[in-house]
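Note that the UniProt record's numbering gives residue 272 to position 272 of the sequence shown, counting from 1, and the numbers run on in steps of one.
Since the hints were derived computationally from the structure, they do not count as laboratory data.
Nothing here was measured: the structure is a model prediction, and the numbers come from that model.
Where hints are given, some of them may not hold.
DSS-like mimics (lysine-lysine), calculated; alpha carbons at most 25 Å apart, straight line [said to hold, decoys possible]:
# : residue 1 : residue 2
1 : LYS167    : LYS268
2 : LYS167    : LYS37
3 : LYS199    : LYS210
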Amino acid sequence: MAERVLTRVQSLRERLDETLSTQRNDFLALLSRIESKGKGFLQPHQLLAEFEAIPENNRQKLLDGAFGEVLKHTQEVIVLPPWVALAVRPRPGVWEYIRVNVHALALEELCVAEYLQFKEELVDGSSNGNFVLELDFQPFNASFPRPTLSKSIGNGVEFLNRHLSAKLFHDKESLHPLLEFLRVHCYEGRNMMLNNRIKNVNELQRVLRKAEDFLSSIVPRTPYKEFEPKLQAIGLERGWGDTAERVLEMIQLLLDLLEAPNPFTLEKFLGQIPMVFNVVILSPHGYFAQDHVLGFPDTGGQVVYILDQVRALESEMLKRIKQQGLDITPRIIIVSFI
């Protein structure tokens, strides 16, 4: 059985250099056809249409060569004669930009800023670089984590939990923002989770262990109101649960998080903190019982549907709020418009 050999992935520049050296005339036929359309944008389907218009023999040679992968991953083409620029996305989260001088068959790699400037020339023409307004948004997200693996796409919460738990694990000072959040967390002036008796993380751990010992000694189904004064006296407010069992589970989660942070414990703990009490639902609708609306979208079914959904949402919110040991009535507002 033949062994599989891992080869280095070619860059966009290397693929196009190879295409120019092996299929020069075929590549030129495609570029010349694209350039002849004049300045403008080409979307992927338009690029494929131009590609299909060249002779079949030329097409097959390009597809079989290095350009086949480039064509498959090209997301946008900018034509500004004699230049043709390609924006290629070889895999999620990775972009490469290059432009080709059709007359000289010269390649130039572009950074993001250069590509965007080239793109702007379609509208503004060549501009003096000394008088271009630039807005730098980098300070706003300089410290914000960015996923680098494609598997993180669509799993942003999981990615942030991994990042935050790793930060908590390596830097115990990062636990102070969590402590401050639990201390200031409130609803309509009513404190939840912690009060001002707890000043630092060490004191929080000591209080949680004390509460853990106490809760382990009483009946799991004991209602929260029966032991509320004892917890409040050591710094714990409502929001941990409605029974001794639920409060104990929540306290143990936080103790685990403070001792050895991991993304699963962090996600579970944050998911059980009471935070959502008011919801606004935007519900655009159509027409109902009006003149001259035949064929227009009808709103009757939408109204029935949204009201059913709101009742189900309210029921679920009431259930969770009660399980969190709170006596709060959630408010749901429906904003409906045509």
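Hints versus structure:
no.	hint	result
1	LYS167 x LYS268	17 Å, holds
2	LYS167 x LYS37	53 Å, violated
3	LYS199 x LYS210	16 Å, holds
Of the numbered hints stated above, the single one contradicted by the structure is hint 2.
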